[in-house]
Amino acid sequence: MKKKLKSLRKQIDFVDGQIIELLAKRFSIVQEIGAIKKSSSKKPLDKKRWEKLISNRLKLAKGFNLDKNFVQDVWKRIHRQSLIIESDHEK
1 MKKKLKSLRK
11 QIDFVDGQII
21 ELLAKRFSIV
31 QEIGAIKKSS
41 SKKPLDKKRW
51 EKLISNRLKL
61 AKGFNLDKNF
71 VQDVWKRIHR
81 QSLIIESDHE
91 K
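As numbered in full-length UniProt numbering, residues 1 to 91 make up the sequence shown, in order.
Hints were generated in silico from the structure; no laboratory data involved.
In silico EDC-like pairs for lysine to aspartate or glutamate, Cα to Cα no more than 16 angstroms straight-line:
| id | residue 1 | residue 2 |
| --- | --- | --- |
| 1 | K59 | D73 |
| 2 | K76 | E51 |
| 3 | K43 | E32 |
| 4 | K43 | D88 |
| 5 | K68 | E51 |
| 6 | K37 | D88 |
| 7 | K42 | D88 |
| 8 | K38 | D88 |
| 9 | K76 | D46 |
| 10 | K62 | D73 |
| 11 | K42 | E32 |
My request is simple: use the sequences and hints to build the entire structure.
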């Protein structure tokens with residue numbers, strides 16, 4: 001039982017590392033988007049894009065049997081951080 005638990009925890013640690021790496025990659029892309037928006041005088045928030053994105057992510061989550069409220073909360077936090085990153089390019 002201890003070996004199995006240790007193995008499962010190792011797997012979680014690995015997946016957590018992948019999540020962090022993917023968030024870093026995503027936010028790097030967001031920085032590029034922020035620079036493009038700044039050069040074309042666009043605001044960070046694109047409400048239509050956000051509505052489409054959250055709708056698509058919720059559909060995807062449903063396919064994986066993930067709780068809708070949990071996924072929505074996670075994506076709101078990711079989006080909020082993305083807006084902060086994009087806004088930094090406005091300064």
